[in-house]
Amino acid sequence: GESVGLHLPTLSVQEGDNSIINCAYSNSASDYFIWYKQESGKGPQFIIDIRSNMDKRQGQRVTVLLNKTVKHLSLQIAATQPGDSAVYFCAENLPNSGYSTLTFGKGTMLLVSP
Amino acid sequence: NAGVTQTPKFRVLKTGQSMTLLCAQDMNHEYMYWYRQDPGMGLRLIHYSVGEGTTAKGEVPDGYNVSRLKKQNFLLGLESAAPSQTSVYFCASSYLFSGGYQETQYFGPGTRLLVL
Numbered sequence: 001g002e003s004v005g006l007h008l009p010t011l012s013v014q015e016g017d018n019s020i021i022n023c024a025y026s027n028s029a030s031d032y033f034i035w036y037k038q039e040s041g042k043g044p045q046f047i048i049d050i051r052s053n054m055d056k057r058q059g060q061r062v063t064v065l066l067n068k069t070v071k072h073l074s075l076q077i078a079a080t081q082p083g084d085s086a087v088y089f090c091a092e093n094l095p096n097s098g099y100s101t102l103t104f105g106k107g108t109m110l111l112v113s114p
Numbered sequence: 001n002a003g004v005t006q007t008p009k010f011r012v013l014k015t016g017q018s019m020t021l022l023c024a025q026d027m028n029h030e031y032m033y034w035y036r037q038d039p040g041m042g043l044r045l046i047h048y049s050v051g052e053g054t055t056a057k058g059e060v061p062d063g064y065n066v067s068r069l070k071k072q073n074f075l076l077g078l079e080s081a082a083p084s085q086t087s088v089y090f091c092a093s094s095y096l097f098s099g100g101y102q103e104t105q106y107f108g109p110g111t112r113l114l115v116l
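Respectively, the protein sequence lines represent chains A and B. Residue 31 in the working numbering sits at position 31 of the first sequence, with consecutive numbering throughout. Residue 10 in the working numbering sits at position 10 of the second sequence, with consecutive numbering throughout.
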């Protein structure tokens, strides 16, 4: 497959461990945040989102935590599986002139060993 | 429901050639976007559209043009390809709910472009 990024921060875990991927966002006015997963050679895939009026949201095996005080977002993956190996991006919604666009982080590569 | 599709999947161009990348979505989304992804750079927005007949520049628009003649299609054109435009191009689309909140962007599988 094709690499989606060189020199990305990498998190290596064992199968069954819990994984925590962190993201610092840039704008205190951002009101919406998304985590995406991108497998090699594929497009980004939505995992979970959270609005700025919340500090925690849970999905299936995933939890997103939002700390607006320090502009920090984290993605927790429970019982990590080899199929979770991918690059994970956070994205923030920056309202701009009435139209909203997302700004993406560069990503973190998650490597899960059997 | 195919979601977001992109054609072609892969293309090789010579410097100076032109081409058009096609994005189609069947989710009746208002917003559509074109991004490029380069190693170590993340996703960068080229152009976007908030509805049929409208387009706007993103972060890296130079060398690209776009058109949104139909709600379901968003075309990205390269008039005179340059090696610096070698990249993976992703199209995405999203709803716009009342109140102006954008919702999740859904991505296509990408087009890999090599300019020699």
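The set of hints was computed from the structure by calculation and includes no laboratory data. Worth double-checking, as some hints may not be accurate.
[To be verified] SDA-like, lysine to any residue: derived pairs with alpha carbons at most 20 Å apart:
#	chain 1	residue 1	chain 2	residue 2
1	A	Lys106	B	Asp38
2	A	Lys68	A	Gly41
3	A	Lys106	B	Met41
4	A	Lys106	A	Gly41
5	A	Lys42	B	Lys70
6	B	Lys57	B	Asn73
7	A	Lys42	B	Leu45
8	A	Lys42	A	Leu111
9	B	Lys14	B	Tyr95
10	A	Lys56	A	Gly41
11	A	Lys42	B	Thr104
12	A	Lys56	A	Ile20
13	A	Lys56	A	Leu66
14	A	Lys42	B	Val50
15	B	Lys9	A	Leu66
16	A	Lys42	A	Leu66
17	A	Lys56	B	Thr104
18	A	Lys42	B	Lys57
19	B	Lys70	B	Arg112
20	A	Lys106	B	Arg112
21	A	Lys42	B	Leu69
22	A	Lys42	B	Tyr106
23	B	Lys9	B	Tyr106
24	A	Lys42	B	Ala24
25	A	Lys56	A	Leu111
26	A	Lys42	B	Lys14
27	B	Lys57	A	Lys68
28	B	Lys57	B	Leu69
[Unchecked claim] Label pairs and their calculated CB-CB ranges:
#	chain 1	residue 1	chain 2	residue 2	range
29	A	Asp31	B	Leu116	20 to 26 Å
30	A	Asn27	B	Ser84	24 to 30 Å
31	A	Gln60	B	Glu79	28 to 34 Å
32	A	Asn22	B	Thr54	35 to 41 Å
33	A	Arg61	B	Arg112	26 to 32 Å
Keep in mind the model is a prediction, meaning the values are calculated, not measured. All C-beta atoms in this analysis are idealised placements derived from N, C-alpha and C, irrespective of residue type, glycine included.
When the structure is checked against the list of hints, which entries are broken? Sort them ascending.
2, 5, 9, 10, 14, 15, 16, 18, 19, 21, 25, 26, 27, 29, 31
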